[in-house]
Structures are given as structure tokens and as C-alpha cells.
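Heads up: the protein sequence lines correspond to chains C and Z, in order. Using this note's numbering, read the first sequence as starting at 1 and increasing by one per residue. Using this note's numbering, read the second sequence as starting at 1 and increasing by one per residue.
By construction, these hints were calculated from the structure, which means they are not laboratory data. Treat the hints with caution; some may be incorrect.
[Said to hold, decoys possible] Derived SDA-like pairs (lysine to any residue); straight-line CA-CA distance at most 25 Å:
id : chain 1 : residue 1 : chain 2 : residue 2
1  : C       : Lys-513   : Z       : Thr-134
2  : C       : Lys-703   : Z       : Ala-94
3  : C       : Lys-513   : Z       : Asn-107
4  : C       : Lys-383   : C       : Ala-253
5  : C       : Lys-703   : Z       : Ala-81
6  : C       : Lys-661   : C       : Phe-61
7  : C       : Lys-513   : Z       : Gln-87
8  : C       : Lys-213   : C       : Asp-576
9  : Z       : Lys-161   : C       : Ile-126
10 : C       : Lys-711   : Z       : Arg-98
11 : C       : Lys-71    : Z       : Tyr-175
12 : C       : Lys-122   : Z       : Asp-23
13 : C       : Lys-74    : Z       : Met-152
14 : C       : Lys-701   : Z       : Asp-23
15 : C       : Lys-74    : Z       : Thr-134
16 : C       : Lys-513   : Z       : Ala-81
17 : C       : Lys-122   : Z       : Asp-155
18 : C       : Lys-83    : C       : Phe-61
19 : C       : Lys-540   : Z       : Gly-106
20 : C       : Lys-74    : Z       : Val-104
21 : C       : Lys-701   : Z       : Ala-81
22 : C       : Lys-77    : Z       : Ala-81
23 : C       : Lys-315   : C       : Leu-283
24 : C       : Lys-71    : Z       : Asn-107
25 : C       : Lys-71    : Z       : Met-152
26 : C       : Lys-77    : Z       : Thr-134
27 : C       : Lys-703   : Z       : Asn-15
28 : C       : Lys-71    : Z       : Arg-98
Listed here are the chains, written in short residue letters.
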Amino acid sequence: MNRRHFLKMSAATVAAMTAAAGGEFAGSGSLFRPTVAGAAIGPETGSMGAEEVTSVCEMCFWRCPIVGKVKNGKLVKIEGNPKSPVNGTRVCARGNSGVQLVYDPDRMKTPLKRVGARGEGKWAKISWDEALDEIAHNMQKVKKKYGPHALAYFDHGASAEFMRGVFKAMGTENFTSEPAFYQCVGPAALAYLNTVGYVTTGTRQYNDMGHAKAMLLVASHIGENVHVSHVREFIQGMSNGAKLIVVDPRFSAPANKAHIYLPIRPGTDTALMLAWINYVIKLGLYDKDFVARHCEGFDQLKSEVKQYTMEWAAKICDLKIEDMKAAILELAKAAPNVNIHPGRHSTWYGKGDVGRHQSYAILTALFGAVGVPGGIYFPTPVKTGKAECPEPEEVETAEADPSMKEDSPYPFSNIFGTTTRDIINAALTGKPYPVKLLGVNGVNIIQTLPNPYDTMKAIKNLDFIFCEEMMAGETALWSDIILPDSVYLERYDGLYAYDGLTPYLTVRQPVVKPMFNVKSPYWIAQNLAKKLNIKGYTCKNEEEFLNEELKGAGLSLDKLKSQGGLVTYPGNPYRDPKKLKVGTESGKIQLAVENFDDEDLDAIPKFEPTPAPPRGYTRLVYGRAPMHTFSRTMNNLWLHNEMPENRLWLNDKVAARLSIKNDEEIILENQDGKRSNPIKVLVTPGIRPDTVFMYHGFGSKSKHLSRAYGKGAADGFLMTNVVQDPFIGADSKRTNFVRIIKGGKTLNIPELVAVPNEIPRYESKIA
Amino acid sequence: MTSTHPFHFLSTCFNYPQEGILDGLAEALSLLAADVECGEGEIHFDDMSLVDQQAEYVRLFINGPGGVAAPPYASVYINDAGVLHQQGYDQALAMYRRAGLSPVTGNESPDHIIHELAFIGLLIELGDHQLLDTFIQEHFAVWYPAFYDRLMLADPKPFYKTLAQVTDRCLQQIYMEVFA
């Protein structure tokens, strides 16, 4: 074939084609170059013979050490790092599926600028330079017009801190407003910090399930809520013969393994805990020596919990008194090697969330289960250096007056930052000052914060919003600029020093080269800082500051790599009970927290009932699915295949009364008339008649997520009744009620369990 | 390796629309469409602002409501899973290598349509009909129809509709002229 004869074209066409690209199609002609001689590749399939690169997972915040297997530049498999003392070669379903995050065609590929209305999803591609210019321009403009505190930053994840520094250097007080605290662990963290002097439950949990002789889980659904080492420790404890007590309105995965399962009325956990504490004191089941040596406030505790009898609690909690007694006796028998699990997600009912977790800490202390095998234990810090260069230089900034952070109505909120709800309200109302620009990094605030309707209204009020994301969730859809983050398998981050039972030091490093036009979070913060004339961020790249920090551990990146990417250290988790000193001011465990009393809050938890469902409604609760993380993973191919949608757990007797069959599709309507996407029903005796349950994170409203869009229902979109916890202003999420719409007909939920008079009823505003 | 071959031109058209060359591309594409007897008639970029044209490109090929409408990567279509860097990617790389070529990818994946169309152009220029036959029959023609269908399903603006049709027609022409 002669190419001149191929595809007959007119002279005009040839001339036009030539002219169109300036005489030649340089763009396409330069797409190839001759192959370098000797370049060879191995077999394409399988992971045998692949290069192994150690790194750290970020499919959830647990961050297991991993090995990426790479063949011809392509990631083909992820396994656990065999050197890791916590997970070994194991990773969970999500850890495996990191491969699919890298290669998802829905990934954010290049900086995008909104060219339609907010939320419309109309975008143009822009360069990094243009994107950062635009963000810098808007940050300066908003700061000039409204003051520095009009800037706010919401973040989550390993690498969000780099950008935090940019916001801090701009002078705003709203640079640490991590929703993870105010939407999740905050109340629990505060309770333990003030009772035992350290945050027993945060990103890490210092909670020795593997050596416990008995364990108590209050709605913690380990096994559905999967973190590899966490689950392994739980299984280790169970294998060693630990007795398991599970308190949960739903028959969860661990409930299935429980020796005693207490299907409690939702909202009454603190009543049970206080009755148990009273019972333990009354029967002298507590560790008297431990309490005398290491605790303060015992007499006050004893006197205040006297009112909470087992008979009273049985009625309030809708439990059998003999089961309640058997459970607490089982726990007492195992003391001090007893694990009163601190839980993590604690933002349930607003009022009482701190108190509930305080009651876990109190029971732990009464059993002397502090610094002993099976109880809560102490972290072993891993010594590393501190590099200054990935941060901005310290600058003098003006204090806010009024200050949202320091003058907060929630006296303990400023320990963590600025309360999420206050920032949203400031954007909505302009009070105490307007918030006009949001930076969002690694958190989908429209799915994470309850009442997304308010969040969307708040976003509409902003002058500017930008986000850093890997996938375009709802928040990205509403942003003005989207900055595409490199996936955790394509970048360096900070050091990972694990200070749990078996301490280790490891580092995240790129397993494969970044796809598309994405950048690492450090690069983004560093280059935005330059545009804003913020000094600092002097490290050329992540390797420079990692080497600096590793020096403090006598290591370097190369040295660490040569040691399998991870080094271990001896742990020091336990204490001699005679020499125990905790991190509170007095060095003693606070059974009555004076700090709370000083702020006119309860020093000792009280039971304040959360309102019961209005007639015709049932309470909505939620939890985590084993193969998904928050709302982040629903678009991941493998995880989507495992669980493409959530289902509504509905009690079988209620379902029978409503003639609803298993797998039937319904819609939920909440107490304020907000409706869900269609969701299929799981008819089961494994949930109380006054409660329904769904896994969180589904029902995506972002059409940018082709697999996840519209699959299942979003719990957050049914949460419009939000009660602030009085300590830190955390948002409640179990204070919402739903009824069912089937075939267009509204079905009221029959009340099969009577509500005692002591529990008030929530009054719905709609008929 | 530069050329005036239509496959290079088609490759150029699948790039992100930039100011200054749009009218010329539209005119040439209209003429080429007339030559190969397909398309939507004469196309004018004037009908859309540059921003609208760019937003259309982002919607179709980068990120859009409903997910990216028609990801322009072989891997997405050749593998049932619909993800990047799978068999389609491996195949493309292997065939480039057979031609003694390495893709200069910048930020893009080597199985992006711009690379694959340019590669067809290069093979025609090099007269390597055997590899051209293999590349098209075992690779490009395996995925392009599925890509075409997804693109059409997204109701693209006339330029991209015509571009897809012209590409399809040129592919058919090659079949007839080279392999018949």
C-alpha cells in the first residue's frame, strides 16, 4: 500500500489539516520516541517476580504497613509488610483494593475549575499554576475584605497537615477543625483525657484486647468495623478464652460471638453503665487497693451513682436484670484483666456522650484495669527527629475578637480546634463573624457532617471553596477549584511511628509513579505558600524532611528501606500497680472530673434520657461496613463488587406488621420530612423493633462517582435533628427518626416496645 | 516523527481544546468528514465558547456527571473491570515496543486514544502493515467501538460526535484498503 493512496482526501482537507496544527501535527508526532536498546520487560500477568516496595496503607486511618508489588511500573498486588508486628502479611479487603484506587478512571486527574453553577458539575481543566494562583488570589481577597478568620480549613488524613500550615500562616484561628474530632472521637477522647490523663482512644487505641479475660463492647462492632491489628487482638483475646459482653440494639458481628448479649434500648447506655458502677461499688466488686492508691473522687462517685439501681436500669434499658447482673459479674471476675472497650465513634446523642465514655473509664478504673494486661495500656513513644522545614515559619497573628475558638459556648472545644458546627453556622449566619472561604482536604463534608442541607447552604454563602481530593465526592462537586491529590501509593508522607503494644517505625513511600497530572499534598502546600508569600516549607521535597526526622531515630530513608521498610522497638505498655502515675494534674485517675465541674458541667456522669422516637417513627442508627471506609471507598471497583449498596435492617415483627418483605425497596422519611434514596430492606430478628440500622457512606449524590452514585441510602441526609454536646459542641447523629414510604404510601412504624414515662418523646414537627 | 497523516490529525483533535487552533481543527475535521462521507455536516467552534468546549471535553474524557462519560483509555474497555492499566495498557505498550517505540506520555497513560491514533499514523508512515494489522485487529478495533458507544450515549457536542464518527470511518477505510 502506498500511503499517498490511503484514505482519499481532497487537497483542501490535507491543507486544512496541515494548517490546523501549524504545519505539522507536532503534538502527536512527539508522542513517541525510539525505544532505548536493551529495555526488556517481564511477563505481564501475576505478581510472581514483581518488585516489592514497602509503604503504608491509607484506605482507612489505621495505616497498616504494606508491600506494593510492582511489575513493569504497574501495581499488581498489595500485601501486608511481613516485618510488621501488627498485621504481618495481612491486609483487609480495603487494603487490597488500593490497586483499584490508583487505576479508577473516575479519579481526579488534573486541576479543575468550576465553570457552571456550584454543584452543577461543569468544569474546565486548568494548570497547577493557574489553580494555585486562583486559590491564593481568593484567600488574599477574603482575608482583606473580612479578616483572616473568614478562612477555615476542614481536613482529614495523613497529609492534611501541610495545608493546615498555610491556613495558620494566613492568620486564621480556624486551621484545625478536623471533623474527625467533632463528628466522631471527640467526646470519647475528652472523657479519657480528663479521667485517666491521656487519649486512650483516638487515631490509635491503647486497648489490650488480646490479653483480656473479659471484654465489654458497647455498640463497638469490631469485625464490621475492621482494622487489621484491632481485629487480630480481639480474636486473640477470644481464642484465649476471654468472655465477651456486647451491648448493642443490633445483633452485630461481635454480638454473634458474645457470651452475653444485651440488646439495649438505644439512648440508654449510660443508664446501664451507671447502674453497673453502683452495683460494683455496692457489692464491693471494685479493686479497693487500686482505687485508694490511684483514684480521686470515689466518695462523690459512690454517693452520686446510688440512685441508679439495677431494677431502674432494667426498665430504662429494656433489659433483663439477670442478664445485666451476669454480665457485670463476668467482667468483675476478670478484673484487672478486663477490657472495657473505649469505643471510638462517640457522637451519638449530643448530651451525655462525654459522660457515657467517662463511665467506661470509671468502670475501667474501678476494676484496676489501667496499665495491666487486658486493660487500657500506655503508649510507648518512638523517638524520631523533628524537621521544621515542611512547615511555615511562625508568624505573629492577630487574635480573633470575638473568637469562635476561644469564646466558644463549648468550654473544651478549643483543645482540638474550632467546632465544625460553629464554622458551618458562621458561614450560614455571619456570626460571630463571617466565614467566607473553605479549604477542604480529604474529607467529604457533605456526607460526613449531619444536616448536609445546612452544609450546602453554607457553601452557597461562601465567596470561595477549594478542595484537595482523589475522587470527586459531593464536596468536590460543590467546589470552585478541585486539586487532584496523588493517591497514597504514589507519594511520600510523614513518618509512621506506632506507639502501641509492639512499637515500630515505618514510612510511606511511592510504590508507583503518579498517574495523570496529580501532585502530593506537600508539593501543593509548598507551592500555594509561595504564591501567598508565606515563608517556610523550605524542604525541597518529602525525602528531605523524612531523612531529617529519621536522623533522630538513627536512620535514613535508605537505611530504613534496607531493613524492610520498618524497624521495631520494645514496648512498655504496662505499669507496676504500686508505681502507677497517670497524666492528670494530680497524677491520679479522676472518678469525678474537677475540670468539668469548674465549667458547670457534670463532674460525674448523670443519665439524661435522649428523647424516644415520635409515634409512628423509629430511631435511625448506623455503623461501618467491613469493606468500606466512610463514604470514600464506595466507587472502588473491588469494594463496590463486595458491597455495592447498603440495606436497611428492619425488625422482622415490625416488617410483618407493615407487610414488608426481605429485599423489598422502600424510601425513608425522617421527622422533618427529608427523604432518602430507595434502599432495600434486610428483614431480621437481629435488631430491636424501635431501631433501624444502615451502613454509613452509601447513597452518593455525586454523579462523578459512576459506580457509587445513587446506590443505597445516605444516613447523613436523614439527619436534620442535630444536638450539640455541651463539652466540645460535637454533632449528635443518633437523634433522628424515620418512617417508611412504600409504593408511595407512608407507613407508620408500630411501637412494639413501650417507652417508659422517664423517657420523653421527641415531638415531630410534621404530621 | 511528525506527519500530516489524518490519524495524527485525529489524535490532535482528541487533545484538550486550546485557544487559537479550534476553528482550524473544526474546519479540517468538517472537510475530512465530507471526504469520508460521515459526520454532522460543517462544524463551527463559534457555536460554543472556548470554556463550553473545554467543559465538554472534561465531561466526556476527564471527570463528568455520571463519572467520566467515555474514558479515552484502551484498558477501560478491554478489561471487563473497566479500570486503568490492565490488559489494554499492557497490549498497547507491547505493540509500541514491537515497533521500537516508547510512548512519551507526560501526564497521560500510554493507552490514551491520542497515543493510539498517533501510533496508527506512524505505522502507516513506516509501512509496517503487519504490525498495523495486529494493532488494529487485536487491540484498537477491540476497544474503539465500546468507547464510541459510550461517547455517543453521552450525547456529545457536534465536534466530538463528528470526531468519533470520522475516526470510526477512517478505521473502516483502513480495513478495506489494507486488510481486504
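Tested hints:
no.: 1; hint: C:Lys-513 to Z:Thr-134; verdict: 29 Å, violated
no.: 2; hint: C:Lys-703 to Z:Ala-94; verdict: 35 Å, violated
no.: 3; hint: C:Lys-513 to Z:Asn-107; verdict: 10 Å, holds
no.: 4; hint: C:Lys-383 to C:Ala-253; verdict: 38 Å, violated
no.: 5; hint: C:Lys-703 to Z:Ala-81; verdict: 19 Å, holds
no.: 6; hint: C:Lys-661 to C:Phe-61; verdict: 37 Å, violated
no.: 7; hint: C:Lys-513 to Z:Gln-87; verdict: 19 Å, holds
no.: 8; hint: C:Lys-213 to C:Asp-576; verdict: 19 Å, holds
no.: 9; hint: Z:Lys-161 to C:Ile-126; verdict: 24 Å, holds
no.: 10; hint: C:Lys-711 to Z:Arg-98; verdict: 44 Å, violated
no.: 11; hint: C:Lys-71 to Z:Tyr-175; verdict: 34 Å, violated
no.: 12; hint: C:Lys-122 to Z:Asp-23; verdict: 23 Å, holds
no.: 13; hint: C:Lys-74 to Z:Met-152; verdict: 31 Å, violated
no.: 14; hint: C:Lys-701 to Z:Asp-23; verdict: 37 Å, violated
no.: 15; hint: C:Lys-74 to Z:Thr-134; verdict: 24 Å, holds
no.: 16; hint: C:Lys-513 to Z:Ala-81; verdict: 22 Å, holds
no.: 17; hint: C:Lys-122 to Z:Asp-155; verdict: 15 Å, holds
no.: 18; hint: C:Lys-83 to C:Phe-61; verdict: 20 Å, holds
no.: 19; hint: C:Lys-540 to Z:Gly-106; verdict: 22 Å, holds
no.: 20; hint: C:Lys-74 to Z:Val-104; verdict: 17 Å, holds
no.: 21; hint: C:Lys-701 to Z:Ala-81; verdict: 23 Å, holds
no.: 22; hint: C:Lys-77 to Z:Ala-81; verdict: 16 Å, holds
no.: 23; hint: C:Lys-315 to C:Leu-283; verdict: 21 Å, holds
no.: 24; hint: C:Lys-71 to Z:Asn-107; verdict: 20 Å, holds
no.: 25; hint: C:Lys-71 to Z:Met-152; verdict: 35 Å, violated
no.: 26; hint: C:Lys-77 to Z:Thr-134; verdict: 30 Å, violated
no.: 27; hint: C:Lys-703 to Z:Asn-15; verdict: 24 Å, holds
no.: 28; hint: C:Lys-71 to Z:Arg-98; verdict: 19 Å, holds
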